[in-house]
Amino acid sequence: MDPNFQVRGDLYNRIFTSKMLESDIWVDYQVWNQLFAALPDDYKVPDMTVLAFLSTF
Amino acid sequence: MKILLATYWLVPHVGGVWTFMSQLKEQLEARGHEVDMMGKGPDYSNYHLVNRGLVLSKEKLLPLLISKVNALQVPPHRLDPHGIIRTYELERYCMELSAAYFGLERYDIIHTQDIFAARALSRVKPKGTPLVAHLHGSVATELHDHFRERPQLGITERSAEWSYFNAIEHYGAVSSDVTITANEWQRKMLVSQFHVSERQITTFQYGLDAESFWRRARLGTPIARPEAKKVIIFPGRLVYVKGIHVLIDALHLLKSVNQDWVCWIVGDGEQRHELEQQVSRHALQNDVRFLGQRDDVPALLQQADIFVHSCIQDNQPFSVMEAQLAGLPVLLSSAAGLPEMAEHGRTGLISPVGDSSALCQQIRLLLENEPYRKELGANAKAWASKHWSMELMIERLLKVYASVITKPD
Chain H
1 MDPNFQVRGD LYNRIFTSKM LESDIWVDYQ VWNQLFAALP DDYKVPDMTV LAFLSTF
Chain E
1 MKILLATYWL VPHVGGVWTF MSQLKEQLEA RGHEVDMMGK GPDYSNYHLV NRGLVLSKEK
61 LLPLLISKVN ALQVPPHRLD PHGIIRTYEL ERYCMELSAA YFGLERYDII HTQDIFAARA
121 LSRVKPKGTP LVAHLHGSVA TELHDHFRER PQLGITERSA EWSYFNAIEH YGAVSSDVTI
181 TANEWQRKML VSQFHVSERQ ITTFQYGLDA ESFWRRARLG TPIARPEAKK VIIFPGRLVY
241 VKGIHVLIDA LHLLKSVNQD WVCWIVGDGE QRHELEQQVS RHALQNDVRF LGQRDDVPAL
301 LQQADIFVHS CIQDNQPFSV MEAQLAGLPV LLSSAAGLPE MAEHGRTGLI SPVGDSSALC
361 QQIRLLLENE PYRKELGANA KAWASKHWSM ELMIERLLKV YASVITKPD
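Which chain is which? The protein sequence lines are H and E, in order. The opening position of the first sequence corresponds to residue 1 in the UniProt record's numbering, with each subsequent residue numbered one higher. The opening position of the second sequence corresponds to residue 1 in the UniProt record's numbering, with each subsequent residue numbered one higher.
Here chain E stands alone, though its shape is the one from the complex:
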């Protein structure tokens, strides 16, 4: 089969969607399929078919698109004073025209990776080409949270901008022949909040390339764990939704009752300076290390004792899957899809979102009870080896592809 994997977001990119697309391409090609990848260029200036080296600059498209959209005044300025709807829509039309320019006739399947790409490619693909939409989280929910956290924008549930993200989430999810979610959290939300039919949705978990993980783990790391201390590890982008500030608050509480630990925060992002300041305010500079963006996370996990992911919202992060495969007990927040990733008390522990005190108690419990910590880690490893099977995910995906290719009109 000739398959197009497409996203509205940047590619390449540090983040789960790119990891997913890259792994999928490798797995599908190993099974004899041809795979192209489309997305926004890393400097936002173009759309490109990454592996073919085809690029179309948005400059070729935007002047005419802008003049036509302005002439119609859709959306009217009074309903979109910050230009949020206009910006997202113009970007989507650029993606649509770029996809048409690159040509979609050659593909047997188009497999999009977000709501914008799903809606975009459904509008420009040949009528007979099946479209599978994989959704890796809820854009509408993230943007609604963003608006709630910034009341100065004046965007509320009664605003057009708010409704826009409900509309695009709905139309993105219903534009395909089949929509895939990685967990029940997103499936239920699509049905109850965004009025997507149950029949439209198929749910199965991601897979992890265990062989590649262990190969990378064997390469080792120059970072050594300190003697006589346990290592708490948090790998992830340093952005608000990852909830690293909750972990730092928990460590502040923990230090007054237990000093038998260090914490490694692995990753980079817009919140780094703010988080470093939080660490300084709590006098944790000698306890918390910011290791930056690194390629040796699998080896670092081998050095660690406890994995924490205290996020505010997340779908099904690879970092949790990798930590489980490495045999670490995982301490997760109850946000979004995370509770489906661990069984509380058997493969990890779950605490309420934003509750640094509960997280502190859980870290302390695992620091001070080595048999329990090791039991949770061993259980997590055994479960992860089966549950996050890449083979299983590809098998399920190929069944979805086969079902839409043979679907009668």
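Chain H with its partners taken away, still in its complex shape:
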């Protein structure tokens, strides 16, 4: 496979709290597939545990 093969970022929406489609963002398939496969099932960005304090403002 072409090492620079690009795919839509939306393919990795599972790890993002925002599910908004970002069809104009393309990412490196090899890099994102490799890291995506290694992430725990409950991994999410942003880290709302650390950012929970924002709700008090």
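Derived by calculation from the structure, the hints in this document are not laboratory data. Quantities reported herein were computed from a predicted structural model and do not represent experimental measurements. A few of these clues could be false.
List of simulated lysine-lysine pairs, DSSO-like, C-alpha gap at most 27 angstroms [claimed, not checked]:
| id | chain 1 | residue 1 | chain 2 | residue 2 |
| --- | --- | --- | --- | --- |
| 1 | E | LYS374 | E | LYS230 |
| 2 | E | LYS60 | H | LYS19 |
| 3 | E | LYS230 | E | LYS255 |
| 4 | E | LYS188 | E | LYS386 |
| 5 | E | LYS230 | H | LYS19 |
| 6 | H | LYS44 | E | LYS127 |
| 7 | E | LYS25 | E | LYS381 |
| 8 | E | LYS60 | H | LYS44 |
| 9 | E | LYS2 | E | LYS399 |
| 10 | E | LYS399 | E | LYS127 |
| 11 | E | LYS230 | E | LYS381 |
| 12 | E | LYS399 | E | LYS386 |
With beta-carbon atoms standing in for the labels, derived distance ranges [to be verified]:
| id | chain 1 | residue 1 | chain 2 | residue 2 | range |
| --- | --- | --- | --- | --- | --- |
| 13 | H | SER55 | E | HIS273 | 40 to 48 angstroms |
| 14 | H | ARG14 | E | GLY103 | 33 to 41 angstroms |
| 15 | E | ARG215 | H | GLN6 | 48 to 56 angstroms |
Glycine included, each C-beta is placed from N, C-alpha and C at the ideal position.
Once you've looked at the hints, dock chain E against the given chain H.
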């Protein structure tokens, strides 16, 4: 064991965390363990596994991360107008994704070196892999001081940015199986200010590789001490928190009552020009030398008579440990973890943070009382040889590793 040492900060880097990580790697490998080191690349553009030559550019990650974070507006712009929270969080997510990319399955232990790396790797590591978090100072306290010193930023105790550093300090410190501090100052602060359980924390001091120190000392230095003058030495990065401006003010006061000295400032940093100007303003150009960043500090310490560390905040600096091992009396400020490094009147003298007059009096006392100066230095050397034992630190660390590996779920 296969061990990953990881930091959110730059590696390699001039500073204590890198020194600590490098020494630890060497010591653990000498005992048959395999050690990898992860950190931010020296030009900030990537994360890398330094010794394996694996690199992941942040450019591969940031466009998608930024678009997702922007879409959610967390944190909202009104709460983070300077983008401080957003910048730190995006950096942390880059570290998390990079660690996942490099693969964490192969490690028996992950040993992080700061709160960001602790939180980051706790989120992406395999569930069964133990995490040990070593904290080498308080990021929240340093950033709060930074905000206080820059009122023009408009960040106060009621600001979201202020609270963010409290939150990350807390979650970084509680993300591990065990959190290690080098002194009681940090342990107490984690418990009282950042609500970390006492049970989470283990405290033991750093170790110094004495053999390597003496090997480097024997290499010598081309810098010679002036005849008939005592040498006051300050090795450290030239940044505000190191409090070199306090030392220069003390030397200005000292010069009117005693001229039997020169001062060597060894190191470099963003404050160098400002400090050189301060020296000129006080007409101390012939008394204070800026020697720049050097590799021969152990040999320079052999030439010196008095060591000063007048910092505003510091944890447990290697420079103090080395000076004590070299047999110098140490003059320390009362900042943070420093008072735990010397016994006032026996191995050194301690003065209040920022008090140049008290520091001036202490330098003068040691310049003018040679027997007392030599006694403090000899006491410091004897104490340092035992207290800063590298063997002891590694033994304690391996016990921590063993305790988390065998810990029941």
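Do the hints match the structure? See the list:
1. E:LYS374 x E:LYS230: holds, 13 angstroms
2. E:LYS60 x H:LYS19: At roughly 20 angstroms apart (the allowed maximum being 27 angstroms), LYS19 (chain H) and LYS60 (chain E) satisfy the hint.
3. E:LYS230 x E:LYS255: holds, 13 angstroms
4. E:LYS188 x E:LYS386: The hint holds at about 25 angstroms.
5. E:LYS230 x H:LYS19: violated, 68 angstroms
6. H:LYS44 x E:LYS127: Judged against 27 angstroms, a Cα distance of about 15 angstroms means the pair holds.
7. E:LYS25 x E:LYS381: Given pair LYS25 (chain E), LYS381 (chain E) holds - Cα atoms ~26 angstroms apart, limit 27 angstroms.
8. E:LYS60 x H:LYS44: holds, 18 angstroms
9. E:LYS2 x E:LYS399: holds, 15 angstroms
10. E:LYS399 x E:LYS127: holds, 21 angstroms
11. E:LYS230 x E:LYS381: holds, 19 angstroms
12. E:LYS399 x E:LYS386: holds, 19 angstroms
13. H:SER55 x E:HIS273: 40 to 48 angstroms: Between SER55 (chain H) and HIS273 (chain E), where Cβ atoms are some 44 angstroms apart, the hint holds.
14. H:ARG14 x E:GLY103: 33 to 41 angstroms: violated, 19 angstroms
15. E:ARG215 x H:GLN6: 48 to 56 angstroms: holds, 52 angstroms
Taken one by one, the earlier hints fail for this structure at numbers 5 and 14, listed in ascending order.
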